[in-house]
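Participant: Residue numbers (this note's numbering), protein chains in the order written: chain A, 21 to 394; chain B, 21 to 394.
Some clues are possibly wrong.
Since the list gives no way to pick one copy over another, a pair counts as held whenever it fits inside one copy or between any two copies.
Claimed, not checked - Each computed BS3-like pair below joins lysine-lysine, with the alpha-carbon atoms no more than 25 angstroms apart:
1) K336 with K243
2) K227 with K39
3) K108 with K356
4) K108 with K282
5) K336 with K27
6) K44 with K103
7) K326 with K44
8) K78 with K44
9) K39 with K306
Just so you know, the hints here were simulated from the structure itself, not pulled from any lab data.
2 protein chains.
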Amino acid sequence: MNFTINKEIMLNNLLVAQKALSTKTPAPYLQGVKLEVYQNELVMLTSNSDISIKLSVKHESLSVESTGEVLVPGRYFVEIIRKLDGDKVAVSVIENNMLRIVAGNSDITLNMMNVDDFPQIEFLMNDNPIRLDSKVMRSIIRQTTFATSVVENRPILTGVNIRVDGQRLVAIATDSFRLSQKVVDIPMNMENMNVVIPGRSLDELIKIMESNLEEILIHLDHKSILFEYGNVLFQSRLLDGNFPETSRLIPYEFPIVIKFSKNDLAVAIERASLLSSREATAAIVKLYLRSDNVVEITSNSPEIGKVVEEVFPVDKAIGIPIRIAFSAKYFLDALKTFLSDQVFVKFTGEIRPFVIEGENDPGLIQLILPVRTE
Amino acid sequence: MNFTINKEIMLNNLLVAQKALSTKTPAPYLQGVKLEVYQNELVMLTSNSDISIKLSVKHESLSVESTGEVLVPGRYFVEIIRKLDGDKVAVSVIENNMLRIVAGNSDITLNMMNVDDFPQIEFLMNDNPIRLDSKVMRSIIRQTTFATSVVENRPILTGVNIRVDGQRLVAIATDSFRLSQKVVDIPMNMENMNVVIPGRSLDELIKIMESNLEEILIHLDHKSILFEYGNVLFQSRLLDGNFPETSRLIPYEFPIVIKFSKNDLAVAIERASLLSSREATAAIVKLYLRSDNVVEITSNSPEIGKVVEEVFPVDKAIGIPIRIAFSAKYFLDALKTFLSDQVFVKFTGEIRPFVIEGENDPGLIQLILPVRTE
Numbered sequence: 021m022n023f024t025i026n027k028e029i030m031l032n033n034l035l036v037a038q039k040a041l042s043t044k045t046p047a048p049y050l051q052g053v054k055l056e057v058y059q060n061e062l063v064m065l066t067s068n069s070d071i072s073i074k075l076s077v078k079h080e081s082l083s084v085e086s087t088g089e090v091l092v093p094g095r096y097f098v099e100i101i102r103k104l105d106g107d108k109v110a111v112s113v114i115e116n117n118m119l120r121i122v123a124g125n126s127d128i129t130l131n132m133m134n135v136d137d138f139p140q141i142e143f144l145m146n147d148n149p150i151r152l153d154s155k156v157m158r159s160i161i162r163q164t165t166f167a168t169s170v171v172e173n174r175p176i177l178t179g180v181n182i183r184v185d186g187q188r189l190v191a192i193a194t195d196s197f198r199l200s201q202k203v204v205d206i207p208m209n210m211e212n213m214n215v216v217i218p219g220r221s222l223d224e225l226i227k228i229m230e231s232n233l234e235e236i237l238i239h240l241d242h243k244s245i246l247f248e249y250g251n252v253l254f255q256s257r258l259l260d261g262n263f264p265e266t267s268r269l270i271p272y273e274f275p276i277v278i279k280f281s282k283n284d285l286a287v288a289i290e291r292a293s294l295l296s297s298r299e300a301t302a303a304i305v306k307l308y309l310r311s312d313n314v315v316e317i318t319s320n321s322p323e324i325g326k327v328v329e330e331v332f333p334v335d336k337a338i339g340i341p342i343r344i345a346f347s348a349k350y351f352l353d354a355l356k357t358f359l360s361d362q363v364f365v366k367f368t369g370e371i372r373p374f375v376i377e378g379e380n381d382p383g384l385i386q387l388i389l390p391v392r393t394e
Numbered sequence: 021m022n023f024t025i026n027k028e029i030m031l032n033n034l035l036v037a038q039k040a041l042s043t044k045t046p047a048p049y050l051q052g053v054k055l056e057v058y059q060n061e062l063v064m065l066t067s068n069s070d071i072s073i074k075l076s077v078k079h080e081s082l083s084v085e086s087t088g089e090v091l092v093p094g095r096y097f098v099e100i101i102r103k104l105d106g107d108k109v110a111v112s113v114i115e116n117n118m119l120r121i122v123a124g125n126s127d128i129t130l131n132m133m134n135v136d137d138f139p140q141i142e143f144l145m146n147d148n149p150i151r152l153d154s155k156v157m158r159s160i161i162r163q164t165t166f167a168t169s170v171v172e173n174r175p176i177l178t179g180v181n182i183r184v185d186g187q188r189l190v191a192i193a194t195d196s197f198r199l200s201q202k203v204v205d206i207p208m209n210m211e212n213m214n215v216v217i218p219g220r221s222l223d224e225l226i227k228i229m230e231s232n233l234e235e236i237l238i239h240l241d242h243k244s245i246l247f248e249y250g251n252v253l254f255q256s257r258l259l260d261g262n263f264p265e266t267s268r269l270i271p272y273e274f275p276i277v278i279k280f281s282k283n284d285l286a287v288a289i290e291r292a293s294l295l296s297s298r299e300a301t302a303a304i305v306k307l308y309l310r311s312d313n314v315v316e317i318t319s320n321s322p323e324i325g326k327v328v329e330e331v332f333p334v335d336k337a338i339g340i341p342i343r344i345a346f347s348a349k350y351f352l353d354a355l356k357t358f359l360s361d362q363v364f365v366k367f368t369g370e371i372r373p374f375v376i377e378g379e380n381d382p383g384l385i386q387l388i389l390p391v392r393t394e
């Protein structure tokens, strides 16, 4: 195996491939990047327990003297390529299972791993993938994944449930204290699907969706889901089990509705959470709609002090005065998902889940369970 | 106590004062900021085991309704002031030893600490302080402090030795594996001084020297040193004991001198240290001046691989071929202190300390002890 390629092309593709590198693993071969060199193509493969990535590089700068395949230690290889000088890099296999990397004034020899240890991975493509606007896919991930559970006692809740039903796609995440739901219309009829994708996989997927490609293609299999984005194949395992039926959790009639400036509300909640005696991420604040149409956001920690913030709703609030307590972090997380400058906070009662919607965020609902106090 | 002041003025001064806040301390009162309010002056005081800070704020926006002094929990107070909206903030004492802070739409009440618990601190000023150009003081700190010892078995080496002798100031730091020395001329005859200032104190001092004041004044006492920088008094304890006599450690004749581009040399060392099997901070690299006037920077970790970097000296090197091994981190730390684009690396022998000097860094010497290998 012996090839040269533009250094930046090599690096940019490696930086995508490394998203599936294992950092700690009982299987050291999963810390490697597999390089497959063909006459006109360089393929990079990485895999960990959640995701596998395959990149096909067919760049004009690729010049292959001899083909072959190797498994190189991922972390060292990425760091070397990142730090190299020069426009191009020459990579070749030399004696004793060593890889030689030459660029600029650098001559580097790297011990390789046994390429036969790397697992055979099937990237399962079908003929009729779902095609989604990349922007839509990014917003689905950004607006739902944060609400997945991070504790593993109900593994199904660590994933995002994605259902396609005709021309409607619904994405739902919940950790049982809050719920995010995004509904998007898709341009053409697709095959129905109902899968649960690990939130961590989606967090990695969004990181590699940085080029300005318009479309992402989704290939579905019963055990895995494959995203095709330009020259990248990104495959994730699916979570087994039934995602809870959440539709009945979301109220549809709201006797109390308050319209806020998103920013005014966020800074008030941030300040109110400053004096919490709990960890900052566990601060509880209270919202009180006064009869004079001013909203108080308050917190009180007897050993530290108390905060009273006045927030003026954008319009006259609908409904009667209400007092409700909630996690400041959950509320702020939810607010961040809206593009709108103005949001509606909708209540059904003081101990009932409440909902946030954005003026210009069609299809997005954030639901939060209140906290009982005193 | 009851006053109002411009919020940004309050915050900017608090951010200086908080540099001497204790984070973990058996004495909770050292986690507080003492505020002393006089008719036309707000004084902030903080202190920890190393340093004490006193700020005098006499801003046109300060409006004092009633004077007094309080001790407020530092971390919460700083965070509150940082996050407040509005141009001005009103601070007053209310019943039950509470501090009330009002700004914009926020109304915050903070439990106070017992002001009598805060220690009496004397800030010892004398009539004839040493006056130093602020830029010079910053470069002394930046170019020496990093070389102090971080282990406490020889406490004196955790400090920077500063000696003034007539019109010469010498600053020296060493952890016994490397040594930094900066000599500056001072414009007028000063009283002699020979003190050792904790490196940590100087690290904090440089952080508050951000305004563009031309001068810093140094008041010396036998137990402490007081820096006067605008409206800030910054006092540090001194370290007891004798700083080692280092002048004989620095060679003055160098049979081998190589002139490098600082950047070329730094990137070669960085790359050579990539494949170290040790922690990145403990990587050892070798320098080899070949007879063809090319310098090789190499490293070799049998279990990972090896790196050979060629670096071309700026001029023909003086002296015979040499091989020497050293800590990559120590060399890179030293290189960073030079403003010069080109540096001289000067050797007396393969197992003798070597020296780095900059083309345009008069008075600055970085000395490094080589490492024996094989």
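Participant: Work down the list of hints and note, for each, if the structure agrees.
Facilitator: Checked hints:
Neither within a single protomer nor between protomers do K336 and K243 lie at most 25 angstroms apart by alpha-carbon distance, with minima of 51 angstroms and 65 angstroms respectively. With identical chains, the CA atoms of K227 and K39 are at most 25 angstroms apart within one copy only, with a shortest distance of 8 angstroms there and 37 angstroms across copies. Neither within a single protomer nor between protomers do K108 and K356 lie at most 25 angstroms apart by alpha-carbon distance, with minima of 42 angstroms and 28 angstroms respectively. For a Cα distance limit of 25 angstroms, the shortest separation of K108 from K282 across copies, 23 angstroms, qualifies, whereas the shortest one inside one copy, 49 angstroms, does not.
Taking CA atoms no more than 25 angstroms apart as the test, K336 paired with K27 passes in neither setting, with 60 angstroms inside one copy and 31 angstroms between copies. With identical chains, the CA atoms of K44 and K103 are at most 25 angstroms apart within one copy only, with a shortest distance of 24 angstroms there and 39 angstroms across copies. In this assembly of identical chains, the alpha carbons of K326 and K44 lie at most 25 angstroms apart only when taken from different copies (24 angstroms versus 44 angstroms within one copy). In this homomeric assembly, K78 and K44 never come within 25 angstroms of each other (Cα to Cα): the closest approach is 31 angstroms inside a single copy and 56 angstroms across copies.
With identical chains, the CA atoms of K39 and K306 are never at most 25 angstroms apart, being 40 angstroms at best within one copy and 33 angstroms at best between copies.
In summary, the structure is inconsistent with hints 1, 3, 5, 8 and 9 from the numbered list given earlier, while agreeing with the others.
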